[in-house]
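There are 2 protein chains.
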Amino acid sequence: MITSELKSFIDIHKEEVDKSLTRCIETVECPSKLKDAMFYSIDAGGKRIRPLLMLAAINAYRDINDRDYDAVCAVEMVHTYSLIHDDLPAMDDDDYRRGRLTNHKVYGEAFAVLSGDALLTQAFETLSRLPEVKDFDKIRLIQEFAKDSGAQGMVGGQAADLEGEGKDLSLKELEYIHYHKTGALLKFSVVAGGILGEAPDDDIQQLRMFAQELGLVFQIKDDILDVEGNEAEMGKATGADQDKNKSTYPRLLTLDGAKEKLVYHAERAKSALQTTSASSALLEDFVDYVMERLS
Amino acid sequence: MITSELKSFIDIHKEEVDKSLTRCIETVECPSKLKDAMFYSIDAGGKRIRPLLMLAAINAYRDINDRDYDAVCAVEMVHTYSLIHDDLPAMDDDDYRRGRLTNHKVYGEAFAVLSGDALLTQAFETLSRLPEVKDFDKIRLIQEFAKDSGAQGMVGGQAADLEGEGKDLSLKELEYIHYHKTGALLKFSVVAGGILGEAPDDDIQQLRMFAQELGLVFQIKDDILDVEGNEAEMGKATGADQDKNKSTYPRLLTLDGAKEKLVYHAERAKSALQTTSASSALLEDFVDYVMERLS
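Protein chains in written order, with full-length UniProt numbering: chain A, 1 to 295; chain B, 1 to 295.
Treat the hints as calculated values from the structure; they're not laboratory data. Check the hints yourself; a few may be wrong.
Copies of the same chain look alike in the list, so a pair counts if it fits in one copy or across any two.
[Stated by the list, open to error] Think about it this way: if two alpha-carbon atoms lie no more than 35 Å apart in a straight line, the pair counts; the simulated DSBU-like pairs of lysine-lysine are:
#1 Lys33 to Lys259
#2 Lys246 to Lys259
#3 Lys134 to Lys35
#4 Lys7 to Lys270
#5 Lys105 to Lys246
#6 Lys47 to Lys33
#7 Lys261 to Lys33
#8 Lys35 to Lys14
#9 Lys167 to Lys270
#10 Lys35 to Lys167
#11 Lys270 to Lys246
#12 Lys47 to Lys270
#13 Lys35 to Lys261
#14 Lys167 to Lys259
#15 Lys33 to Lys105
Produce the entire structure from the sequences given, and follow the hints as far as they go.
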């Protein structure tokens, strides 16, 4: 279950993340319908796992300060844009997301495409303007971010996922998809936290491994929840992957096999932190939180 | 007409731009269908006006070198992504672009969305990795680029354009659209050339004014070509704006009025260069080239 330390960390910082996200969108000068469409999806809530993970990684090296919230907004903006585009009729064709109508159901497809494009671009602007971060570190962040969110990362994973629909995938192919589609942005969140926390280079490497394992934990749990989850808690229909005949961990490994694999990767994630100089208790708690979540 | 100096400049550099663009896409590691879709639209040709304009702005301050081509690829990648998304059925619903089938007609809508997303993201990665450019200047480039291509620039202009469809726009509203939709990326091209050429700050400001006027020249000429152009040379259907009952300069000002306005902004563009320290002959030739082009 979630530890009281992590619960209190999330309670404190999630509210600040939400406020910062609102501010990031409010200050954009653009046609009102575009801004409304951007804000609609940013404001749709969600667990803010990526921002909180980035803050937890910073916190492993130093105290969090007000200026850190801008950086975490960038990763949530890219996550949100990817959901808007994924939900489009030409992609996953979803009408609901987090219990609310999807962006294109409210603003139409054209504005869903544009608001996604705008959020992606805004994320890079936000990183390029981070206050009190050295130019050298801004460039490192932007390089990692572009790689992890583009064709070599998240977008590539989404493309592979579309290509794999209706096919029987091997475990290796499934892991390629998840490592890119979901894992890359989680990895960025952790690595960016390390960079902002001025972690030593060796630690950054270990944080990368930690995040890679955590990404698998996240995805395996997602697949398990699709089989076992409660629709009310998930805010979307469960069993969707089964209906679409998608390759999933439970399908490839059985449900028990998937649960074993979940525990295996959670342990590997935690052990990657052992050789770092980080105060890593919160990051370890995060692994349990992702592994044991109910939605 | 085009001067022999500009013609020879374009002949030399367009080929290098095309080669660099191919290299930029070839080195991306991603699923093959995604890469094919990105390459298809990048390879669809076009005049490469933005890259050539950036090179001409660099050339106003120093000789061009091999490393400059990466920077110019970024702007063409963003221009290309915007065309792919604009052509989608939910947006302008175009089947042909530059005389070839549009991206979604060949690769399907989902891959058209994703290849656009990937090109946009790749552009930022390219700028963040520019060889031998100081981190400080990379950050300036990325800030300008994000602002000019996102909600406050190109994407905002596209949103305003969609909102204005079927309405009678004022000249002011029409200029808002074009200043953002087309003008912002042209402005970035010129300003980025100034930054890479290490132009003084006062010059950057004048280059911005030059580019803003040039953007209007570009758009007014586009509208005139839609009335007067030859379909074979344009590579797309002419008269499309009239069919869609779109607000255009000839519609608001008559064809003769639009032509007068074209000359007026061309002169203002050239005069903005007079107070700079630039060797600006090529940039002036560029104004005539844009104003007198046949497609």
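| said: At most 35 Å between alpha carbons: which applies to Lys134 and Lys35, within, between, both or neither? | reply: Both ways: Lys134 and Lys35 sit 30 Å apart in one copy and 34 Å across, limit 35 Å.
| field | Homomeric proximity label, Lys261 with Lys33: Cα distance no greater than 35 Å | value | Result: close only across copies, 31 Å inter versus 45 Å intra.
| task | At 35 Å max between alpha carbons, let me know whether Lys35 reaches Lys167 within a copy, between copies, both or neither. | result | between (39 Å within a copy, 21 Å between copies)
| request: Could you figure out if Lys35 and Lys261 sit no more than 35 Å apart (CA to CA) within one copy, between two copies, both or neither? | output: The answer is between: 32 Å across copies meets 35 Å, while 42 Å in one copy does not.
| request: With 35 Å as the alpha-carbon cut-off, assign the pair Lys47 and Lys270 to within, between, both or neither. | output: Answer is within; shortest intra-copy Cα gap is 21 Å, inter-copy 53 Å.
| field | Intra- versus inter-copy proximity for Lys270 and Lys167 (alpha-carbon distance at most 35 Å) | value | within (33 Å within a copy, 59 Å between copies)
| request: Using 35 Å as the alpha carbon limit, work out where Lys35 and Lys14 are close: within a copy, between copies, both or neither. | output: Classified as within; 22 Å inside a copy, 37 Å across copies.
| query | When no copy is specified for Lys105 and Lys246, does a C-alpha distance of 35 Å or less occur within a copy, between copies, both, or neither? | reply | both (24 Å within a copy, 26 Å between copies)
| request: With 35 Å as the alpha-carbon cut-off, assign the pair Lys33 and Lys259 to within, between, both or neither. | output: Classified as between: cross-chain Cα gap 33 Å, same-chain 44 Å, threshold 35 Å.
| task | Check Lys47 against Lys33 for me: Cα-Cα at most 35 Å, and say if that holds within a copy, between copies, both or neither. | result | both (26 Å within a copy, 33 Å between copies)
| Copy assignment of Lys33 with Lys105, given that the CA separation must stay at most 35 Å | Close inside one copy (14 Å) and across copies (28 Å); limit 35 Å.
| request: With 35 Å as the alpha-carbon cut-off, assign the pair Lys7 and Lys270 to within, between, both or neither. | output: Result: close within a single copy only, 19 Å intra versus 62 Å inter.
Checked against the numbered hints above, the structure violates none of them.
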